[in-house]
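Novice: Sequence:
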Amino acid sequence: MLDIKLIREQGERVHTQLNRRGPGTSKALDQLVEIDARRRDALNKSQTLKNKKKTLSAEVGKLKKQGQNADALMAEVKQINAETDECDGKAGDLEAQVRSTLLNIPNIPSDSTPEGTDESQNREVRKWGEKPAIDFTPKNHLELGESLGLLDLKRAAKISGSRFAVFKGQGAALLRALVQFMLNTQTRENGYEELYPPVLVNEDSLIGTGQLPKFEEDLFKLRDDKLYLIPTAEVPVTNYHRDEILPEESLPVKYAAYTLCFRREAGSYGKDTQGIIRQHQFDKVELVKFVKPEHSYDELEKLVTDAESILQKLKLHYRVVSLCAGDLGFSAAKTYDLEVWLPSQNTYREISSCSNFTDYQARRAMIRYKSKDGGKSELVHTLNGSGLAAGRLFVAVLENFQQADGSIRIPEPLQPYLGGLEVISS
RNA sequence: GGAGAGGUGGCCGAGCGGUUGAAGGCGCACGCUUGGAAAGCGUGUGUAGGCUUAUACCCUACCGAGGGUUCGAAUCCCUCCCUCUCCGCCA
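Position in the first sequence (from 1) plus 29 gives the number in the numbering used here.
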């Protein structure tokens, strides 16, 4: 949520910056300032009336105590009440309008976010490692997974439908090893505290991080309870500190959380239908940080480095991409994607997305910090990034470490998690 | 799911229709005291919104949430949520 004061005072700038996401993005701002002015007007009237009412009511109390008649005053207060109700109603309606408008306006892109309208204009920041030397026609992860008995999508479709997978045998063990390896790295080497949160969350949490009210159709919702399945651990972990004031000296607060994630993938029909790249249910280790505003962009760089450390340890070739304004997520001010090399597709595919949300989520979720030497509490900046998506990492391992005979070489750091297993073969 | 108890400031805990944003205590901050510390004494110590150059004053709201009764509600009534205890069920 953007600051209404900022919109009030620097409307032109906000318009310009929002429209970097695409023409017309700032349209919702148009009437906002005027509605807000009317809101404050009604509020002021109501408050003046309430003040008068309070004084008179106290008078009534005094008179009654002295056994005197207070009928005239009581009638007057009744009259004021009618007016107050009207003002309150008006102010309430206007406030609801302002809030719902604000909830549907995305974050302002950072100055360092590149210009551009879509994915094709994202800017490559750096590359790491090299493409694997494969001197045969590489198989894709589905062929490899099925022939080695690691994946069973046919039966998954029978059990649940399309975009679901069963990981089997050494495939299931490999997925588990990847999760374990990522969690250990992030908690033991990169300084994150582990959290294992619920995957069902309430509406307030989803409003807090920005999935609601605008993106309800992307979420799985329970029929009989007001709960949703999380699309990412960002939701429960960021909301862990919703409505809290954190002590300044605790910042930055850093959490790593492994959860299942659930996405309806509405509107992605026909995209990545083969294999397990795009699933309704997938595993992910998420990194979330709460930081002081002045550090958030430095913290974003570190967050990216922490996510990269997993790929580097596994010696997987990847590149870092800075998303352009048009490709930026709703709540983000700046985002780096990590894209891992997939030999079968001869391209880089997203495996992590690391974002700085500045104070946008913090304002929605009311997450603040207060310095030890008093002063006003201020909104924190929130960040998060995948560290990493386990299903896609599974794909990358299969494809990049495949050998001519169809077997998979297990990267050394993973071997301890698989009882010393060095190769998966049929 | 059934029965009962309860949700008040950072914490504990009073208040149960009238100057109560809320007694008292603890904690915390600052000051005095001290060689230093403790104790003691004093002062201060919530959030949001409005107004404002102002994180000064002033005003409004907030005692789980939302409604209602009343001139007036933390206090009375209704609905919902959450916590605890017992029973049932269950991993």
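Read the hints as simulated data drawn from the structure, not as lab findings. Be aware that one or more of the hints could be misleading.
[Unchecked claim] Distance windows between CB atoms, simulated:
1. Lys399 / Arg155: 33 to 43 Å
2. Ala57 / Pro227: 26 to 36 Å
3. Asn375 / Arg152: 14 to 24 Å
4. Gly40 / Glu88: 41 to 51 Å
Every residue gets a Cβ at the ideal spot worked out from N, C-alpha and C, and that includes glycine.
Novice: Given a hinted range of 41 to 51 Å, is it respected by the beta-carbon distance of Gly40 and Glu88?
Specialist: This hint holds: roughly 45 Å between Cβ atoms.
Novice: Hint says 26 to 36 Å; check whether the CB-CB distance for Ala57 and Pro227 agrees.
Specialist: holds (33 Å)
Novice: Is 33 to 43 Å respected by the C-beta to C-beta distance linking Lys399 and Arg155?
Specialist: At roughly 38 Å between Cβ atoms, Arg155 and Lys399 fall inside 33 to 43 Å, so the hint holds.
Novice: Taking the Cβ atom of Asn375 and the Cβ atom of Arg152, is their distance within the range 14 to 24 Å?
Specialist: holds (21 Å)
Consistency note: the structure conflicts with none of the earlier hints.
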